[in-house]
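Trainee: Chains as they are written, first to last, in the working numbering: chain Y, 1 to 465; chain B, 1 to 190.
Check before you lean on any hint, since a few could be wrong.
As the list claims (entries may be wrong) - Think about it this way: if two alpha-carbon atoms lie no more than 25 Å apart in a straight line, the pair counts; the simulated DSS-like pairs of lysine-lysine are:
1) K2/Y <-> K274/Y
2) K74/Y <-> K99/Y
3) K170/Y <-> K162/B
4) K183/B <-> K435/Y
5) K7/B <-> K66/B
6) K123/B <-> K318/Y
7) K18/B <-> K178/B
8) K198/Y <-> K18/B
9) K283/Y <-> K123/B
10) K274/Y <-> K74/Y
11) K123/B <-> K198/Y
12) K318/Y <-> K128/B
13) K162/B <-> K11/B
14) K130/Y <-> K128/B
15) K6/Y <-> K172/Y
FYI, nobody ran anything at the bench for these hints, they're computed from the structure. Just so you know, these numbers come straight off a predicted model, no measurement behind them.
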Amino acid sequence: MKPEPKSLYDKLWESHLVTPETEQSPAVFYIDLHLIHEVTSPQAFDVLRERGLQVACPDRTVGTIDHSSPTLPKNADGSIPYTNDSARSQVEKLEANCKEFGIELNGWQSENRGIVHVIGPELGHTQPGKTIVCGDSHTSTHGAFGALAFGIGTTEVGHVLATQCILQRKSKSLSITVDGNLQQGVSAKDLVLAIIQKIGIGGGTGHVIEFRGNTIEALSMDERMTVCNMAIEAGARAGMIAPDATTFEWLKNRKHAPKGEAWEQAVADWRTLKSDEGASFDKYFELNADEIKPMVTYGTNPAMGVAIDENVPNADQKALDYMGMSAGQDMIGTKIDVSFIGSCTNSRLSDLEDAAKILKGRKVASHVRMLIVPGSQVIKKQAEALGLDKIFIGAGAEWRESGCSMCIAMYGDIVGAGQVAISTSNRNFEGRQGKGARTILASPLTAAASAVSGEIADPREYLNA
Amino acid sequence: MPKSYTKFTSKTLILPQKDIDTDQIIPARFLTATTKEGFGEKAFYDWRYDEQGNHKDSVLNKPETKAKKIIVAGHNFGCGSSREHAPWALTDYGFRAVISTEIADIFKSNALKNGLLPIIVSKKTHQKLIAHEQELTIDLEAQAITCADGENIPFDVEPFAKICLLEGIDQLGYLLSKQDKIKKYEASVA
Ligand code: SF4
Chain Y
1 MKPEPKSLYD KLWESHLVTP ETEQSPAVFY IDLHLIHEVT SPQAFDVLRE
51 RGLQVACPDR TVGTIDHSSP TLPKNADGSI PYTNDSARSQ VEKLEANCKE
101 FGIELNGWQS ENRGIVHVIG PELGHTQPGK TIVCGDSHTS THGAFGALAF
151 GIGTTEVGHV LATQCILQRK SKSLSITVDG NLQQGVSAKD LVLAIIQKIG
201 IGGGTGHVIE FRGNTIEALS MDERMTVCNM AIEAGARAGM IAPDATTFEW
251 LKNRKHAPKG EAWEQAVADW RTLKSDEGAS FDKYFELNAD EIKPMVTYGT
301 NPAMGVAIDE NVPNADQKAL DYMGMSAGQD MIGTKIDVSF IGSCTNSRLS
351 DLEDAAKILK GRKVASHVRM LIVPGSQVIK KQAEALGLDK IFIGAGAEWR
401 ESGCSMCIAM YGDIVGAGQV AISTSNRNFE GRQGKGARTI LASPLTAAAS
451 AVSGEIADPR EYLNA
Chain B
1 MPKSYTKFTS KTLILPQKDI DTDQIIPARF LTATTKEGFG EKAFYDWRYD
51 EQGNHKDSVL NKPETKAKKI IVAGHNFGCG SSREHAPWAL TDYGFRAVIS
101 TEIADIFKSN ALKNGLLPII VSKKTHQKLI AHEQELTIDL EAQAITCADG
151 ENIPFDVEPF AKICLLEGID QLGYLLSKQD KIKKYEASVA
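For reference, chain Y alone in the conformation it holds in the complex (with noise of 0.2 Å):
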C-alpha cells in the first residue's frame, strides 16, 4: 500500500514529536532551535532561577539584540545612546542571562548583530528541516527555508530554555499557491500584502500556510522571507516554502551550516521536505501574480490594502479617521512625513538595493525625514561595499546601524503624533510606530519613489525614468 502522502507541515509535525497530543493532552514538541531577544525574554530566566532550573540545551538558544536598542552610533567615548534606563537594563539583563547560562549572543560586541529573523538565516542556523521558535511573532520569516517556525510567549520562552520543548497541537493547514510573474516594479512585499488583502487579518487563524507555485517557486530567498515574515498578519500560525536549489545555494557555507559530508548529507535530508503529491490541506487559496501591483495601505491593519493606482475603499471609518483619510481619495499623491526602510521584512541586502536603485542621483523630498536601518551589521557593511551608503546620505536619507528601529518605535526612532510614515515593516496598527503615528506599509521600492516625491507615488515610474 502506498503511504498517506504528506504536507511539509505533516512532515515537520511527525518528525518532531517526543509524544504525540491525545484528546486530553497536547504534544510535547521538540524545539530544534530557539532565538531571543531582550524583550520577551528576561521574565523566563527569572522563571528558571526561581525554579533551580538550568537551560536543557544553551547551544539551541541564540540570542540577539534589536528591539531596544538603538540604531544611533555609539558615542564619542564609546558608550551606547540608550533613551532611557530601561531600554539599557533590558538589554544588560540580556547580556547577563546569557552569560549566566552559557548562551550565544550576538550582542554589542558581535559583528553579526542584528534583527533576530535577519541574522537567524545569515548566520545559517536557521535551516530546512528545523523547528524554530522566538519570543516574536514574525518568527514565521524561518518558514521560508522550509522550517516550521512561530512566534511564542514568554511563558513558552521558558519552556523551551528549561526543556527545548512547548507544548502544541496541530494546527490546520493552508495551501496557498501563487503562479504567474511579478511585473516589474512589484515585489514580494506586495504579494504577500495582496495575499492578505485578499484572505484577511484574521484568513489564517489557526493555520500553518503554506505558499507555492511557480511565483514562489522563482522568488529569491529574501523575498522568500518577506512573504513568510508577513504570514503572521493573515493570522497564520506559520508560513513555510519548501526548500529547493535556491535555498541550498543561499545556505551553503554559512557559519553555522553544515561543512563538506554533512553538507551533501544535509542537501540529501533536506530534498525530501516538500508536500508529497496529492498531499491534501485543511484550506486552499490560489493567486494569479500577473494581476498583482504595488501594494500600499490605507487602514490600520495589514489587510486594509489596495493597489497603489486605486482609492481609498469606503472602509472602517474609524480606521480612515485615524489615518487622516477619506474614502475615495487617490493613495497616489497622499502627502508623506516619513519614509522608513528597514525592518525584519524588508531590510535585507536587495531591499537596500532597491531603495538605491530609485534614489541613486535623487533627492529626497525636502520636508521628508528618510531612515534607512539594515536588518544586520553584516548587511550593512555589505551595503557600505557596494556605496549603497553614499547614494542613501547622498539623497538626504539617514543611514543607521542595525535593529528593529522604527518598526516597533521602541526608543528613538518615533514617527510623530499625526505623521504619515510610509514604512517597509509589517504592521499599521495604531500607535505601532508612536502614539498617534499613521503607517502606510509598501515596498522599498514604493517606500523609496514617495520619499523623493514627497507623497505616495509609484515606482514603476522612476523605475526606467
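Based on the hints, put chain B with the ligand in the right spot on chain Y.
Mentor: Same frame as chain Y, but now just chain B with the ligand:
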C-alpha cells in the same frame, strides 16, 4: 504558581471594535520592563490617556470598569505581536475572560497560561453578548457561560489548559516530568 480558576460572576465590558491588536492592549514602548508586574496601568494606554498623560473619555477609565472581569470584544481579538505583556496587562487590570468570535492564536495560548480565559462564541451568541453590558457567570469546570436571563452557553476549551487552569498547575512542571522522553527523543535523532 497560578491560582486555580474558579467560577465567577461579573458584569461585562464591551469593546466592540474588531481586530483589537496587541499594540492597543499594551503599546510597545512599555515593553522595556523586565518583570511581569504593573502592566494593568498601561493596558489600552493610548485609548485611556492623551499626549500629556491625562485621562481621556474612555470607559476603561471609569471606576466601575475596574470591577468588570469579562471583556466582550469584536471579531479577532489579540492579533499582532506575541507579547505576553498583553495578557499580563489585562489580568493585572482585573480581567479574567475575553469573549469574541475569534481570538488570535498566540494571544490565546499566552492568555491560557496567565489565568485569562479566551472564549470563542458563535456569531449569534456574540450578537447577544455585545448588544449590551450584562452580568455573566463563567463556569470553566462546566464549560458554560450563564447569562442574566438564565440562558446557558456552552464553550470549548483545550482540555489540558482547562485542567491546568482549574487546578492551578503550570505547564512547565508537566514538561519537566517528561524529561526521560525528551532525552530519548534527542538520542533517537542524534
Ligand atoms: S523588525 Fe519589527 S517586526 Fe521584526 S522583530 Fe523587530 S520589532 Fe518585530
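Trainee: Decide, hint by hint, whether the structure agrees.
Mentor: Hints, verified against the model:
{"no.": "1", "hint": "K2/Y <-> K274/Y", "in the structure": "holds (17 Å)"}
{"no.": "2", "hint": "K74/Y <-> K99/Y", "in the structure": "holds (23 Å)"}
{"no.": "3", "hint": "K170/Y <-> K162/B", "in the structure": "holds (18 Å)"}
{"no.": "4", "hint": "K183/B <-> K435/Y", "in the structure": "violated (48 Å)"}
{"no.": "5", "hint": "K7/B <-> K66/B", "in the structure": "holds (19 Å)"}
{"no.": "6", "hint": "K123/B <-> K318/Y", "in the structure": "holds (22 Å)"}
{"no.": "7", "hint": "K18/B <-> K178/B", "in the structure": "violated (40 Å)"}
{"no.": "8", "hint": "K198/Y <-> K18/B", "in the structure": "holds (17 Å)"}
{"no.": "9", "hint": "K283/Y <-> K123/B", "in the structure": "holds (21 Å)"}
{"no.": "10", "hint": "K274/Y <-> K74/Y", "in the structure": "violated (45 Å)"}
{"no.": "11", "hint": "K123/B <-> K198/Y", "in the structure": "holds (22 Å)"}
{"no.": "12", "hint": "K318/Y <-> K128/B", "in the structure": "holds (23 Å)"}
{"no.": "13", "hint": "K162/B <-> K11/B", "in the structure": "holds (23 Å)"}
{"no.": "14", "hint": "K130/Y <-> K128/B", "in the structure": "violated (45 Å)"}
{"no.": "15", "hint": "K6/Y <-> K172/Y", "in the structure": "holds (13 Å)"}
When the structure is compared with the earlier hints, violations turn up for hints 4, 7, 10 and 14 and for no others.
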